[in-house]
Amino acid sequence: MTPNALCFGEEFPASGAACLVHVEEHGLTVTFAADTANAQPESVPFSNLTVSAGGIDHDHLVVKWKSVQGERTLYLKNPDVIRAFREAVPDHLDLPLAQVAERVRQVRHRRRLVWGIVGGAILSSVLGLWLGADLLVDIAVSRIPVEWEHKLGESAYRDFLSHQEVVKEGSGVVAVEEMTHRLTEQILNNPYNFQVTVVRSDIVNAFALPGGFVVVFTGLMKKAESGEEVAGVLSHELNHVLQRHGLERIVKNLGLLTVMAIVFGNQQGLVGVMKQLGVELLTLKFGREQETEADLTGLQLLQRAKIDPSGMIRFFERLSEKDEGRMEWLSTHPMSAARAERLKVELAALPKTLPEPFTFDWKQVQVSLRSQPVTVP
Amino acid sequence: MKSEILYPGAFPMVRVELAAGENIKAESGAMVACSPTIDIESKMEGGFLGALSRKFLTGEKFFFQTLRASRGPGEALLAPTVPGEIAILELDGVNEYMVQKDGFLAGADTILIESQMQSMSRGLLGGEGFFILKISGKGMLVLNSFGAIHKIELKPNQEYIVDNSHLVAWSTTTSYNIEKATSGWVASFTSGEGFVCRFRGPGLVYIQSRNPGSFGAWIRQFIPVSE
Ligand SMILES: [Zn+2]
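In the order they appear, the protein sequences are chains S and P. Position 171 (the first sequence) corresponds to 171 in my numbering; numbering is contiguous. Position 25 (the second sequence) corresponds to 25 in my numbering; numbering is contiguous.
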């Protein structure tokens with residue numbers, strides 16, 4: 001006998017007992033291989049069966065019933081048996097069976113799609129050598145809708161904030177809101193709804209997640225000598241978002257295949273990946289080019305918002321000097337004197353504008369940060 | 001075809017006896033020694049595209065070797081690259097296994113090896129590469145592991161959670177979800193990635209007692225870094 005199914009039950013091995021399933025007019029007969037201990041052939045009427053899809057790809061037909069020996073679960077994959085089963089079964093099983101068939105069809109379809117992607121990936125690797133992989137990354141990133149980016153960033157953001165003490169009120173929050181407002185109203189066609197949160201921590205840093213979620217630590221605000229310095233960092237972080245640096249990084253890290261998957265339209269998979277990547281996002285390091293880009297576009301944004309850009313440069317300079325707080329910033333922002341120098345050169349080339357000061361008094365903001373009691377969420 | 005595990009434990013080998021005309025598929029590089037009656041051919045399993053995609057996407061070797069007893073009966077000794085146990089499974093034509101890309105050592109010519117795409121999120125997060133091998137057909141399948149091989153038997157709907165980097169092979173009658181280890185589990189699972197597979201029976205899950213990635217990281221700390 002050539003078995004065509006596996007039967008599971010209390011007295012069978014965990015790997016299942018190989019068996020031969022035969023579809024009759026009113027039910028199934030199951031014959032076990034000779035070496036299966038005391039397993040008698042069984043006949044089960046259709047009316048006793050329940051069916052579902054199962055297995056690693058959900059492409060097995062799983063048939064269950066209660067026999068005198070106990071619960072029985074049959075895993076069928078043989079297309080001929082499944083076809084015969086479909087033709088013979090009465091109506092009450094037809095709907096679940098149709099669902100199984102649909103599921104099997106979907107799996108096959110997905111596999112075809114996947115092979116399309118593989119073909120595309122091979123093709124594109126050739127193209128990539130020719131055009132440069134960065135172009136492919138750019139194409140892929142440009143295909144990702146902002147809503148996904150938002151979802152992706154949001155889950156990471158929530159995850160992060162749930163472990164942090166968020167500063168919800170006080171002059172520090174008001175000051176950061178004013179900076180954010182001044183900056184974001186200068187962004188043309190802004191697809192992002194920026195959310196900037198102040199988190200109480202001595203970490204001297206700030207970071208931005210894809211989708212416009214920005215965190216500023218109170219440690220950075222305490223270290224800054226003026227609102228303009230914080231606004232400079234904020235402008236830099238906003239531009240990481242606007243230039244989609246986080247997405248570029250993700251796409252680069254996940255590799256060419258994902259890039260191609262996005263380009264070829266299989267975007268479902270990426271959502272799943274993104275959801276679970278949340279934590280990794282928080283440790284995402286930007287590349288040197290991305291930092292430079294965020295610096296330069298950040299500088300321009302400050303200029304448009306009439307916020308004195310020398311604050312940004314000053315802050316960078318101070319961080320590159322010896323300072324106990326510099327480590328955190330340096331861990332995500334490789335700092336060099338050259339970076340501040342480059343900004344100075346860039347600033348000199350920009351038209352001079354008269355900066356408009358902020359409405360808050362920075363010294364008072366810092367005092368409030370120091371004295372603010374620990375708020376219970 | 002007869003097979004036997006020699007020196008069971010950390011440094012085993014498999015001896016496979018082939019009758020005249022019989023052949024066996026092995027991971028390229030697995031052959032240690034063989035009788036002069038045996039010819040070694042490199043073959044692209046799954047056709048050119050299959051082989052290419054395996055190579056391209058998992059870094060898996062492009063070729064499997066076929067050892068053929070073309071000039072009379074003989075034997076071959078096979079061994080994996082890494083220290084660890086070997087397990088021999090007998091496929092009966094209905095049992096099928098998914099095998100993590102490094103877990104395949106050898107198989108009878110009558111078994112079918114298919115590179116299978118994992119669903120996008122599974123593959124990327126599972127850390128098992130984008131492709132895993134789906135092994136079906138009838139005949140011998142030889143698995144190798146890093147460390148000892150442990151078999152987990154799952155009854156229908158019974159669940160078990162496995163760190164993904166410890167997976168070797170699992171029955172296709174199982175199903176699984178990849179989950180992010182919650183903060184509570186992170187400490188207890190050795191995977192730095194913090195991803196685990198929640199398996200649901202029925203079927204078998206073979207796991208390895210050591211994590212190659214963690215071992216690599218451990219070794220790396222002893223390698224002097226040149227400035
Ligand atoms: Zn930055």
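These are computed hints drawn from the structure, not numbers from a lab. Ideal Cβ positions, reconstructed from N, Cα and C, are used throughout, including at glycine. Honestly, I wouldn't trust all of these hints.
Simulated DEER-style distance windows between Cβ atoms [what the hints assert, rightly or not]:
1. P:Gly213 x S:Lys306: 21 to 29 Å
2. P:Phe222 x S:Thr2: 33 to 41 Å
3. S:Pro351 x P:Gln221: 50 to 58 Å
4. S:Val367 x P:Pro224: 32 to 40 Å
5. P:Ala148 x S:His22: 36 to 44 Å
6. S:Asp35 x P:Asp109: 34 to 42 Å
- Task: Tell me, in ascending order, the numbers of any earlier hints that this structure violates.
- Result: 1, 2, 4 and 6
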